[in-house]
Amino acid sequence: MVSIRVRTVLIAAFLVASGMPLLTFWAWPHSAALQKEMNEANDRHLLLALTAAGDLKDYHANVVKSVQTIAPLLAEGQPTDFAVPLLSQLRFRHFCLIDPLSGEVLRVVPVEPVQIPAVLPPAMLATVLELADRPAGGMAPVRIAPDGEPEILMAQRRGERVVLASLGTGYVRDLSARIVFGLKGHAVVVDQTGRVIAHPRADWVAEAHDLGALAPVQQVLAGVAGVRMFFSPAIGAEVIAGMAPVPGVGWGVMVPQPISELHAAAARIAQSARFVFLTGLGLSALIALVFSTLMSKGIQAVSAAARQMTQGDDKVRIRPLFRSLSLTEIEELRTSFNTMAQEVGESRQTLLTMVTHDSLTGLLNRRAFLAAGTDLIDRVAGTGNLIVTFFIDVDHFKSINDIYGHAAGDELLVAVAQRLQALAGPDDLIARQSGDEFLLLHLLRPPENAETFGRALADALSEDHDWNGRRLTMTCSVGGCVGSGIGLVIEQLIRCADQAMYIAKER
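Quick note on the numbering used here: the sequence shown kicks off at -15 and runs consecutively.
Errors might be hidden in some of the hints.
[Claimed, not checked] In silico BS3-like pairs for lysine-lysine, Cα to Cα no more than 27 angstroms straight-line:
id : residue 1 : residue 2
1  : Lys49     : Lys489
2  : Lys41     : Lys382
3  : Lys489    : Lys382
4  : Lys168    : Lys20
5  : Lys489    : Lys41
6  : Lys168    : Lys41
7  : Lys382    : Lys49
What the hints contain is simulated information worked out from the structure, not anything from laboratory work.
All chains should be built: construct the whole structure from the sequences, respecting the hints.
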């Protein structure tokens, strides 16, 4: 009979049990790692493209809304200076009121220092008139203006006059520039003809380079979102790109990354796998030696006690060699795990708060507000309760920032948030949407009246604020939208309240 020591069996069993997963991980082929990288790139790039397209859709809506607001004021000779800060944020270059018969420029709202001719050239006038006859919100393809800057034209007829708006591409370029990953991963935005609006190559942006002949550009301009591999002339390499059309304007967004970067990542995974295998095998051997020694000592104690009994020592007892030590380790493990779980929970909560809340005011951000608002609407649907959405905009906030500094502006935003929290009910939702804009979803309870509550809200938000011994005059424009019943959509309520706010601001 072959005799094998228990310690040897335990070491062998431990090495097999711990070594097999390590061996499997080491044997994981490079192709599988590459496929994993490709799958992750597909999801990541498409998500980035869809997110950017959604942001550009919102930007287009804001641009159209601004044109619809400024055009009648410009045509009727009313003041427009109040809107210049907002127009500057949206990167408008200028607005012009034009005589469509002569091409004479009758009035100009300069947002940027741009030289405007007194009379439009005939070719330019024909382009503007054709653009003015398009449906509202239509944009011309990007072109290079006489001053060498890319611009996008919009036009609208107002009675016997035409309002021309020139929109710069800085906002789109800034949005695109924020999408950077890997070594050469980037974002590209093209207009409805395939010309470059935003691209890492400044020379392509400066000349509105035409990419319309590329198959992926044609695909995205046809309204098809997806992921595609192709040769990129910009970086001279094969890339994998997520693509998404921008609804309503006809632009396209592409988020490419060189495939060589995915190959490099897969190679690093394979190299790490080899290192993990060798390191893990060595650690497994060491751990197996320690544990087998501890376990074999217990068996050896039993064997020694049995030998003593065969020699006539009937008083021998086996003391628990490791019982107290084992219990202590288990208790320490339990305590350590609980401590770790608590720390992980706190970290998760902190991360969740960072993702869902505004860091300055502590209010919900727009994404979290939309999710929570949808849940609230679903809960009260069918109960008969009315829901009113308020859109609040701090008037002249940029001027306060410019005069008193960002510290005063930040404190003013915090004050607005605190006043909203003081007025809100227990089920209400408050969010800082962006900049100086806030949202309030208020659940009306009898005998409460939406208009009365809105006035109280506007009055409370229009009280002056003391800052460092100075009294800051603060006013807010408030727009509200009331809804009830099944089928309410939070985004529609916000848009409705936004429009009401602009009406209130114009008053």
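Item to complete: List, from low to high, the hint numbers that the structure doesn't satisfy.
Response: none
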